[in-house]
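Take the sequences, apply the hints, and build the full model.
Plus 364 on top of the position in the sequence shown (first one is 1) and you've got my numbering.
There may be inaccurate statements among the hints.
[To be verified] When the alpha-carbon atoms are kept at most 30 Å apart in a straight line, the in silico DSSO-like pairs for lysine-lysine are as follows: (1) K569 - K638; (2) K499 - K397; (3) K487 - K424; (4) K508 - K603; (5) K397 - K417; (6) K499 - K584; (7) K499 - K569; (8) K487 - K417; (9) K407 - K638; (10) K397 - K513; (11) K584 - K596; (12) K627 - K418.
Source of the hints: derived by calculation from the structure; they are not laboratory data.
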Amino acid sequence: MGSDKMFGENMKPGRPEVIEPMELSMEDLYLFKQCPLRWRLSKTELHMRERTKKEELADKAKEMIQWYYTRRMEGLLPSYDQVKRHFSDLLYGGKIDSRQVMRMQRVKPERGDIVNMEQKLIKGVLEMVGRDRAKEATVVAVSKKYRVKISDTLYLTGEIPVVRDVEGQIELVWVKTSFSDASEFYYLTDMGLTFLQLAWNSVKKQPAQRVVVFDAVSGKERAVIRSREDYKRLVEIAKMTEAMIRQNLIMPREQKGCNSCPKRMLCAQWKGWKN
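Below is the structure:
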């Protein structure tokens, strides 16, 4: 393979003379923090971002939640059976049901971990439906996209998964799809939660009353607090990411999850940037 071309032979450190505005998504920030080199590879035409199995499952869970709340916004109230059927269709292409999945697990034990994750998500989403039904809530928006100006050279994009009006109080709902338990540090610092308030405040000129984390695996909800002071952390992370990208300070970040990374073979070939 032509490794120099693969990794960008014209990528030289240093700021350009004319700074064009950069647009970064929240997904960019998460991926860059996880591994700058994987982020870079995901931006090349030949190596667009591939998803790990866990990421694919997370995408399906978010798609399912979007489907449910879109129906709610239309004035419909999907039943548990409809929700379970639709989620099974998303996960298995409508070809099999959950009972067949469990039989497949016995036939193909190597799928055990994936099946367990799928079943946890189905259970978690059904619990979400139960919690939502118990609330006197009106769905205001679903997958609302925002573009926030951070500086003259940087814009940050992302979306608010769900906006609800609960007894006159605006709730911004963030969907957590990680299979690991969230720590208190996560609830205090996660930049996705901060972006919800930052984006809402940038348009409405006032914060929402509540930010709620919905855990798609456990089915639980938790309210968190985000203030204007919390915006500073996200803004600084975004600016530092911009600076590192503009200076081509891109390197691999070896970690436990590297073995399942779809870019691991390309990463193994990386020997630095051509001067």
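Verification of the hints:
Under the criterion of a C-alpha separation no larger than 30 Å, the hint pairing K569 with K638 is inconsistent with the structure, at around 46 Å. Of the pairs offered as hints, the one joining K499 and K397 is violated, with about 36 Å between alpha carbons and a cut-off of 30 Å exceeded. Only pairs whose Cα atoms come within 30 Å are accepted, and K487 paired with K424 is accepted, the gap being roughly 14 Å. Distance restraint check for K508 and K603: the Cα-Cα separation of roughly 24 Å lies within the 30 Å cut-off, and the hinted pair is therefore satisfied.
Restraint check: the Cα-Cα separation between K397 and K417 comes to about 20 Å, which is no more than 30 Å; the hinted pair holds. For a cut-off of 30 Å, the pair hint linking K499 to K584 stands: about 14 Å separates their Cα positions. Between K499 and K569 the alpha-carbon distance is near 27 Å, which keeps this suggested pair within the 30 Å criterion. Restraint check for K487 and K417: the C-alpha separation of about 19 Å stays at or below 30 Å, so the hint holds.
Only pairs whose Cα atoms come within 30 Å are accepted, and K407 paired with K638 is accepted, the gap being roughly 18 Å. Under the criterion of a C-alpha separation no larger than 30 Å, the hint pairing K397 with K513 is consistent with the structure, at around 20 Å. Of the supplied pair hints, the one linking K584 and K596 holds, its CA atoms being roughly 28 Å apart against a limit of 30 Å. For the suggested pair K627 and K418, the alpha carbons sit about 15 Å apart, so the restraint of at most 30 Å is met.
Of the numbered hints listed earlier, those contradicted by the structure are 1, 2.
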